[in-house]
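Asker: Mind docking these for me? Both chains are given alone in their own frames, and the hints should help you get the complex.
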Amino acid sequence: MMSEKQIRQETSENDGFENKNSGLWTQNLTVGYDRIPLIRDVELHVHPGEILTLIGPNGSGKSTILKTITKQLSKIAGTIYVEGTPADKLKDSEISKQLSMVMTERLRTELMTGREVVASGRYPYTGKLGILSEEDWKKVDEAIELVNAKEVAEQDFRRISDGQRQRLMLARAICQDTQILVLDEPTSYLDMGFKLDILANIRRLAREKNIAIIMSLHELDLVSKISDTVACVKGDKIDRIGTPEEIFTGDYIQKLYGVDEMSFDPVTGQVFLHVEKKAPEVFVIGGGGSGIAVYQKLQRKQIPFAAGILQENDVEFAAARALGSEVVSEKAFSSIGMDKVEKAKQLIDSCHSCICAVDEFGPQNEACLNLKEYAQEKGKLMYSV
Amino acid sequence: MKKRYIISFGLFIVLLAGLFLWNVGVGSVEMSFSDFLGLFAKNTDNPTLYQIVWKIRLPRIVAAILLGGALSVSGFLLQSFFQNPIAGPYVLGISSGAKLVVALTMIFLLEKGIMISSFGMVAAAFVGSLLAMGFVLLISFRVSRMSLLVVCGIMIGYICSAITDFCVTFASDSNIVNLHNWSMGSFSGMTWDNIRIMTVLVGVTVVVTFFLAKPIGAYQMGESYARNLGVNVKALRIGLILLSSLLSACVTAFAGPISFVGIAVPHLVKLATGTAKPIVLIPGCFLCGAVVTLFCDGIARTVFAPTELSISSVTAVFLVPVVIAAMLRKQKL
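The listed protein sequences correspond, in order, to chains A and B.
Numbering of the first sequence is given in the numbering used here, commencing with residue 1 and proceeding in unit increments.
Numbering of the second sequence is given in the numbering used here, commencing with residue 1 and proceeding in unit increments.
Bound conformation, chain B alone (with noise of 0.2 Å):
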């Protein structure tokens, strides 16, 4: 294993690790450091605060981790499929797909007084993901530029988000409120029951997704040549758009759409690692992806506290520089 790997590792685990105890430590609500030390001894004599950390904080720092990776997980897959640098599921309008799927089944069932249960909100994401997926996909058999399939996914985003804009906009149900918070893409409001839903969800897909590293890697060089390696083209194909569509919709059914995390993080991570094989990309995107959100959605939180600003204002800040960066670098080659 090449020393770069490994530094690369154990300076994104260094930065989650700090930025884990950041984000416990901070917030709307003032925390000493003694109260801080305090949570680690299980000393209870502020429960307040730790009832905050307890159900609030922990489950939304464990949701930006599993999902921040699962996002940039997800790039990485879709940059692979499409040999795109700048593809991701926000850009090719996949999270909107599924944003508007949630919305709509959400409407629906509220109008009848149920409440979706975690998993249907994921069911429901799911189609959307395909949906859309299956949009860009048709597209991509009839455009040979791939800047004009990322053109086209930004517009089917548009349509899916004015629709959904639409239907929350003339919903009747009082718990819409909730709908357009989450429309906007955040972290608030987890709970653990959402987290074990996702933890497995995101386990088994990235894990699954790890040990298709060695087809993608062949399949990254070019399809005619990785046949001729004995991979299964096809087969590999719905591979990547599964579980690519899985992670994205996974995301999108707990925290709404979230832009720029799936297309600049494995950019990052092949900075830092100086290689794009897949087995070294796939848990490298996952610890950074988890890394930068984390980062972000502390920011979201805390500038204008106790104002939220949407995760996604945050990390366009952040990540559009790298994916332009990223761009122009590709331009020099």
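Next up, chain A with everything else stripped away, as it sits in the complex (with noise of 0.2 Å):
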């Protein structure tokens, strides 16, 4: 065990850089139900102003280590340190000021207004009875401009949308005042407009107020917009920590989760059912994004396809690998070769029809033109499915 003198001589050490004097960190943290360990050796940092997000399959344990942060669950071993002070040695009333959160579990409320619900975050810095002053009204209200939800505060918590409540929860926790903020999935049951706004909110909070936020998020195309670092939760440990762009490259994703290689494309963020690969019958002509609503209809048709000629380093490449029985694809930046045509060409025979779904040609894909030209002579050519 360090003591904190020698903490803050190894920080100053580090210039500043790792500080861990400030945000949350945990030192090998072991979580778990009942005192069976779950995960082991949790080492995180999250910074003031920085946001850590946690992403692994459900029953990883993501909220298990967010309730042991939260103290909700006792943690089985390591430290936990709140702002450069193990949690073990603060008091309840002391943590309320330094860390709040929002979890998944329903507050329960009975007449209360959502502005109510918002001002119980000012609770540890009431007098004896409770009663909130004019300036911590203030900020009640300043935490409900912050996150638009005006025109709700005043009515009753149990009637507002899914969406409006989780903003009037999160305004909860800001004003709250602390420097650690902790989300458990904190976009769960919103629509995409509200998912977008949440998460907007939670960055600017994090960049304007510096503080330290740890949550766990479901949107994988999400988690690397918004996140600084990103922790994946597998099998009994962290299984891998680092940047989106350290995380989000090759085919870790798909790992992490156990899906199948072709299901995520983890540069566009996309995500594609799994379909079987059979015999093609319809040849798509596509490029430039153009094919993608053609490969998305014939899936959920059920009608195998081939598409053609992409480059590799096209848009619609990774739906047309994903969903295609067969792709003929170039090398990135590289002009179609001649063998690419007429393998393509064969493909069209093959099949009993063909799709162009490219309106414009051009000195990059006339390639593309001459396959449409070559199925309309051979009377395959449709124009939609």
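To be clear, the hints were calculated from the coordinates, so they are not data collected in a lab.
Mixed in with the good hints, there may be bad ones.
With a straight-line cut-off of 27 Å between C-alpha atoms, the simulated DSS-like cross-links for lysine-lysine are [to be verified]: (1) A:K128 x B:K234; (2) A:K237 x A:K75; (3) A:K71 x B:K234; (4) B:K2 x A:K150; (5) B:K3 x A:K150; (6) B:K214 x A:K97; (7) A:K89 x B:K214; (8) A:K128 x B:K2; (9) B:K214 x A:K138; (10) A:K139 x A:K209; (11) A:K209 x A:K138; (12) A:K97 x B:K234; (13) B:K214 x A:K150; (14) B:K214 x A:K71; (15) A:K209 x A:K150; (16) A:K128 x B:K3; (17) B:K214 x A:K128; (18) A:K91 x B:K234; (19) A:K225 x A:K20; (20) B:K234 x A:K89; (21) A:K380 x A:K301; (22) A:K138 x B:K2; (23) A:K138 x B:K3; (24) B:K3 x A:K139; (25) A:K278 x A:K340; (26) A:K297 x A:K343; (27) A:K378 x A:K301; (28) A:K372 x A:K345; (29) A:K139 x A:K91; (30) B:K2 x A:K139; (31) B:K214 x A:K139; (32) A:K234 x A:K20.
Answerer: Following this line, the structure appears as structure tokens:
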């Protein structure tokens, strides 16, 4: 066990970059239920102003980690440092001024307006009878303003929609005025608009108020846009930790979630349903994103298809590869070779029809125009599915 | 402070004052209006009436006020603790547990020729309350559905009542007649000595409860959020159990088990004030509980005077509809 002095010395040596006196830091943390370890050696450090996101499949233990940090579960081993002090040495009332949370558990209310729910965040700062001062109410209203929930603030909390409710829960955590914020799946049950809005608020909060935020998230496409650090929970450990760029490369994410390689495109964040690869019945001439809608429609109708001719850096390449039975492709930034055109023509011959999704042709996709004419000659060209 | 709170509290106080005067004025012994005024003028030309009012009616009224208030606050605490709108000292079997231990203690001591003091009664009732509460808690760890908890509480209540009846039936002493009256629930036979003890106990407990309004408010929203706000949840839970048991023990010791006041009054207060905040509800429940109990006791002793109804029969008639309405309202949300 290091003394605080030692820690401080170490910090100064690290030039403040690994500043262990601020934010949230876990050391050798082991978490689990009923003293049975679930995840061992959790080493996370959330700096002020930054967002750390936990990802991993359902049941991997993201919530267990967050519940342990918020002291709803007792830890099995290790230390949690809150602003540089081990959490064990802090009283609950002291932690309440340094760490706030929004968990998946519903807040139970009776006859409370949204504003009163937000006001409960001021609890640690009120006196014996819990009566809020002018100042407290000002902070409550500021927080409501910040999350754009003013219009529902006076309604009964139980009748407010999930999205607005989540905004109010965030406002409640904001007006608790803490340096650390823990969020367990803050976007679940929300529609896309509210999802983006809540995440934008969270991002802004971290930067503007210099708050250290740790959260779990399921929307992989949003994770890389909002997080400074991503920690992947798998098996009994934090499997990998790094910047989104480090995590979302190669086939790591597919492995993390145990899905096949074709189901997720780490570059665009697109996900694809699994399809059986059968002999193609339709050939799709695509490129530049124009084919995606056609691929999806064919996949919904369960018609196997082939696609081409796509350069490997084409936006729809990943979609075509995931959904199509066969893809005729050319290397990135290269002009299409004659061998590829021949291959595509053979495929058109084997299919009963051909769909051309491309409207515009130029020097880059001359080969596709060539294919279109070929299909027309053969009487196989169609314009829609 | 909201206008609605002031109006509600004003209403409770006006009702309480009205009921107080009504309860002084009516009873098996008729009283004319001039007699009534005479009581205030220290006019002692009717000493019997003066004695009746001073020695019988007033202690009974004060007891109904204090114990009715205590019962309602106890009900509110239990509803907060179990997060269950139909929890109350009677339905959870806590009153019956207290009744059983008090009856056993009384019979045991009467056999030996010892009269039990009112303080001893409270102590016995407190032990009984805690025992029944312990049972309910054990069950509450095992059942997740709150309706089941209430069913179990009612069962516990029946068992305790059955054992009490059994003991009362076979007890030898003639004093047992009193015990029988008491075990049905009644405010009759209160003395000023009783009142003194009850004032101290109920007063202290309700004031302590009032100062727990802040953590109770946080606890109402859910355990994990309360903990995150710095509430010592374990200590608060123990506090809630002790306070609610003490309050219902006090009631049972002096007046026997009284049904439905504990469940229904918190709902009436929420309806009147439009809030569930403990800081409003605790004093509100005390006042409204006093109003309801005083009203029901007045009915109990006047409707078929000189025969007295048991207080629980009256409370059941007036308060069961309130409980049912509250449950239906809860269902809608």
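Asker: Each hint should be assessed against the structure and marked as holding or not.
Answerer: Verification of the supplied hints:
Taking the CA atoms of K128 (chain A) and K234 (chain B), the gap is near 19 Å; set against the 27 Å cutoff, the hint holds. Of the pairs offered as hints, the one joining K237 (chain A) and K75 (chain A) holds, with about 15 Å between alpha carbons and a cut-off of 27 Å not exceeded. The hinted pair formed by K71 (chain A) and K234 (chain B) meets the criterion: a straight-line CA distance of about 13 Å does not exceed 27 Å. Between K2 (chain B) and K150 (chain A) the alpha-carbon distance is near 21 Å, which keeps this suggested pair within the 27 Å criterion.
Proposed proximity of K3 (chain B) and K150 (chain A) is supported: the alpha carbons are some 23 Å apart, at most 27 Å. About 16 Å separates the Cα atoms of K214 (chain B) and K97 (chain A), which keeps this hinted pair within 27 Å; it holds. For a cut-off of 27 Å, the pair hint linking K89 (chain A) to K214 (chain B) stands: about 24 Å separates their Cα positions. At roughly 20 Å between alpha-carbon atoms, K128 (chain A) and K2 (chain B) fall within 27 Å of each other, so this suggested pair holds.
Distance restraint check for K214 (chain B) and K138 (chain A): the Cα-Cα separation of roughly 20 Å lies within the 27 Å cut-off, and the hinted pair is therefore satisfied. Our distance criterion of 27 Å between C-alpha atoms is met by K139 (chain A) and K209 (chain A), whose separation comes to about 14 Å. The hinted pair formed by K209 (chain A) and K138 (chain A) meets the criterion: a straight-line CA distance of about 17 Å does not exceed 27 Å. The straight-line distance between the Cα atoms of K97 (chain A) and K234 (chain B) is roughly 20 Å, inside the 27 Å bound, and the hint therefore holds.
For the given pair, K214 (chain B) sits about 26 Å from K150 (chain A) by alpha-carbon distance, which is consistent with the 27 Å threshold. For the suggested pair K214 (chain B) and K71 (chain A), the alpha carbons sit about 21 Å apart, so the restraint of at most 27 Å is met. A hinted pair counts as satisfied when its Cα atoms are at most 27 Å apart, and K209 (chain A) with K150 (chain A) qualifies at roughly 21 Å. The suggested pairing of K128 (chain A) with K3 (chain B) holds, with an alpha-carbon distance near 23 Å, which does not exceed 27 Å.
With a CA separation close to 7 Å, the supplied pair K214 (chain B) and K128 (chain A) stays within the 27 Å bound. Taking the CA atoms of K91 (chain A) and K234 (chain B), the gap is about 14 Å. The hint holds against a cut of 27 Å. For the suggested pair K225 (chain A) and K20 (chain A), the alpha carbons sit about 26 Å apart, so the restraint of at most 27 Å is met. Straight-line distance between C-alpha atoms of K234 (chain B) and K89 (chain A) comes to about 18 Å, which keeps the hinted pair within the 27 Å bound.
For the hint linking K380 (chain A) to K301 (chain A), the alpha-carbon distance of about 19 Å falls within 27 Å, and the restraint holds. A C-alpha spacing of about 18 Å is found between K138 (chain A) and K2 (chain B), which places the hinted pair at or below 27 Å, so the restraint holds. At most 27 Å may separate the alpha-carbon atoms for a hinted pair to count; K138 (chain A) and K3 (chain B) meet this at roughly 21 Å. Using a Cα cut-off of 27 Å, the hinted pair K3 (chain B) and K139 (chain A) holds, with the two alpha carbons roughly 24 Å apart.
With a CA separation close to 21 Å, the supplied pair K278 (chain A) and K340 (chain A) stays within the 27 Å bound. Distance restraint check for K297 (chain A) and K343 (chain A): the Cα-Cα separation of roughly 24 Å lies within the 27 Å cut-off, and the hinted pair is therefore satisfied. For the proposed pair K378 (chain A) and K301 (chain A), the alpha carbon gap of about 24 Å is at most 27 Å, so the pair holds. Using a Cα cut-off of 27 Å, the hinted pair K372 (chain A) and K345 (chain A) holds, with the two alpha carbons roughly 10 Å apart.
A C-alpha spacing of about 24 Å is found between K139 (chain A) and K91 (chain A), which places the hinted pair at or below 27 Å, so the restraint holds. A distance of roughly 20 Å separates the Cα atoms of K2 (chain B) and K139 (chain A); the hinted pair therefore holds under the 27 Å criterion. Distance hint between K214 (chain B) and K139 (chain A) is fulfilled; the C-alpha atoms sit about 19 Å from each other, no more than 27 Å. A distance of roughly 26 Å separates the Cα atoms of K234 (chain A) and K20 (chain A); the hinted pair therefore holds under the 27 Å criterion.
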